[in-house]
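Novice: Chains as they are written, first to last, in our numbering: chain A, 26 to 295; chain B, 26 to 295.
By construction, these hints were calculated from the structure, which means they are not laboratory data. Hints are not guaranteed to be accurate.
Stated by the list, open to error - Over 10 Å on every C-beta distance to chain B, these chain A residues come out as not near it, computed from the model:
1) N37
2) V167
3) A172
4) D255
5) H263
Said to hold, decoys possible - Once the Cα atoms are required to be at most 20 Å apart in a straight line, the calculated SDA-like pairs of lysine to any residue come out as:
6) K238/A <-> V102/B
7) K129/B <-> F84/B
8) K238/B <-> K238/A
9) K238/A <-> F282/B
10) K115/B <-> E139/B
11) K238/A <-> R287/B
12) K128/B <-> T93/B
13) K115/B <-> N274/A
14) K238/A <-> E285/B
15) K238/A <-> N274/B
16) K238/A <-> T283/B
17) K238/B <-> A268/A
18) K238/B <-> S278/A
Since the structure is predicted, the reported quantities are computational estimates derived from the model, not experimental observations. Glycine included, C-beta positions come from ideal geometry on N, C-alpha and C.
Number of protein chains: 2
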Amino acid sequence: MLIVADNLQITNPAIAQAVETMDPEPVRDLVSRCAAAGAGAVDINTGPLARDAESRMTFLVETVESVTDLPLLLDTVNPAALRAGLDAAKNRVIINGFSLEPKKLEQILPLAVEYDVDIIGYLLYPDSQVPSGEAGRMQVAVELFTAFSAAGGDPARLIIDPVIAPVMWQNGTAQDTGVLSVIRGIGELLGTQVRTIAGISNLTTGPGPMDRKRLLERVYLSMLAAAGLDMALMNVFHRESVAVVHACNALLSDRIFTWEWREETRIAGP
Amino acid sequence: MLIVADNLQITNPAIAQAVETMDPEPVRDLVSRCAAAGAGAVDINTGPLARDAESRMTFLVETVESVTDLPLLLDTVNPAALRAGLDAAKNRVIINGFSLEPKKLEQILPLAVEYDVDIIGYLLYPDSQVPSGEAGRMQVAVELFTAFSAAGGDPARLIIDPVIAPVMWQNGTAQDTGVLSVIRGIGELLGTQVRTIAGISNLTTGPGPMDRKRLLERVYLSMLAAAGLDMALMNVFHRESVAVVHACNALLSDRIFTWEWREETRIAGP
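With the rest of the complex left out, here is chain A:
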């Protein structure tokens, strides 16, 4: 299971300020620390980028690439910003992402085919609602895969995000047990092996004691790893969670076990 850092977010005031003033230092510093902490890829979460979308995305991509050659996830709903990022990027790129939402099928998905890059597909209804159970997610997965294939996508380029539900939702924990089943069963369902990713921070969204949130995150990371999750989008500064991912990888690896396990930073796929 590869760790994708979710730390580079425009909602972080220091990053917002750096983007506003085109100051590369705060971004470089953050990304360097993410790489040192065990990130195998970096999500560049720019939000919708209402102003100067293209120059800002280009600035971010170039700044991140000035300190790392890790793969980049371009995390925006803005197709113009996305195209600018795809044009600017020299590192491997993953588009994050599309769903059955018509605007995304029309404007985001085609970019993955055009640029022949990986893309994340979210198991959400066309109105962006989260399916309430395993069956709903499975049905959406089939529709998403059909739409992806119809657009000319190569299944080896598709990464499914089953969408972790906050445990505080009324049926959140039942949904999250279903998410494990979806990850285990999606290859068989679609008749082809697709990779999977999940945004871990969703699990503990909302109020709650920090120590128990972190504990639940570690526990669920282990369960996701055993289910076969390929990438965990997470806060790479959660040091104990990172240690859990490395332990999971040592336990689930095909290699001879050693207590001197190393972190995994490969990314599977074409």
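Guided by the hints, dock chain B onto chain A, whose structure is given.
Specialist: Below, chain B without anything else, positioned relative to chain A:
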């Protein structure tokens, strides 16, 4: 997932001494601390009990019951000691356990039927060797279930132990991934729901750094819980591992989620 304390062992010199001199205090102290630490049942591991087997088992059962009403696992290969324990016990009892080993099929298994109590069946070959993979464990499970049924056992009384392999074994981690599949699939395989138990300390047997052993234990406990393991036989003084079990139970429970989760101390079955 219920925690079964593996702490009461004759190999503990203080316990060996207490049994030798029939001094109840060290046993009472240990068991009280196990219950306080979160044990939902207590394994009484007497070993083969070469001398005074019956009086020693009786002493242990009565001493443990003097401080707790938790279920007891009678963990011995000595049928006479086992019968003495079954006669002495007032708490709920689980026999730990039998396997395809002829002596155990002949001398241990019938006691479960005679006393109508739960019994643990180990997925081991008749010569007590550990099957080297998932297929081997599944085949043994079928044979064990057949032998159990032929002896008049009620499936609701059977608790399967798939036998965790030490990660340091040549194919240990692959076996332990297989153990997760066995736990997930055994109900379907046998055509009836049976409960499962696993001895967690096996995982990290052998040399290795303590902090990574404990981390691996916590990670694998989470995976076992997600696979549906009913009981974890473990050191209940591993405080962080106990916290992981409680977090797993909160996450996998059918009840409304709350951050103020409580420990589970129920034991399923008839």
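Novice: Now, for every hint given, state plainly whether the structure supports it.
Specialist: Results of checking the hints against the structure:
Remark: the non-interface label on N37/A is consistent with the geometry, its nearest Cβ contact in chain B lying 26 Å away (cut-off 10 Å). At roughly 23 Å from the closest C-beta of chain B, the C-beta of V167/A stays outside 10 Å, upholding its exclusion from the interface. Listed as outside the interface, A172/A is consistent with that label: its C-beta sits roughly 31 Å from the nearest C-beta of chain B, beyond the 10 Å cut-off. Against the 10 Å criterion, D255/A stays outside the reach of chain B, whose nearest CB is about 16 Å from its own CB.
No beta-carbon of chain B comes within 10 Å of the beta-carbon of H263/A; the shortest separation is about 14 Å. About 43 Å separates the Cα atoms of K238/A and V102/B, which puts this hinted pair outside 20 Å; it is violated. Pair hint K129/B plus F84/B does not hold up; C-alpha atoms about 24 Å apart against a cutoff of 20 Å. With a C-alpha separation of about 23 Å, the suggested pair K238/B and K238/A falls outside the 20 Å cut-off, and the hint is violated.
With a CA separation close to 12 Å, the supplied pair K238/A and F282/B stays within the 20 Å bound. Note on K115/B and E139/B: the hinted pairing holds, with a Cα-Cα distance of about 16 Å set against a maximum of 20 Å. At most 20 Å may separate the alpha-carbon atoms for a hinted pair to count; K238/A and R287/B meet this at roughly 15 Å. In summary, the hint linking K128/B to T93/B is not supported, as the alpha carbons are separated by about 32 Å, beyond the 20 Å threshold.
The straight-line distance between the Cα atoms of K115/B and N274/A is roughly 45 Å, outside the 20 Å bound, and the hint therefore fails. The straight-line distance between the Cα atoms of K238/A and E285/B is roughly 11 Å, inside the 20 Å bound, and the hint therefore holds. Pair hint K238/A plus N274/B holds up; C-alpha atoms about 14 Å apart against a cutoff of 20 Å. With a C-alpha separation of about 11 Å, the suggested pair K238/A and T283/B falls inside the 20 Å cut-off, and the hint holds.
The hinted pair formed by K238/B and A268/A meets the criterion: a straight-line CA distance of about 12 Å does not exceed 20 Å. Among the hinted pairs, K238/B with S278/A is consistent with the structure: their alpha-carbon atoms are about 17 Å apart, no more than 20 Å.
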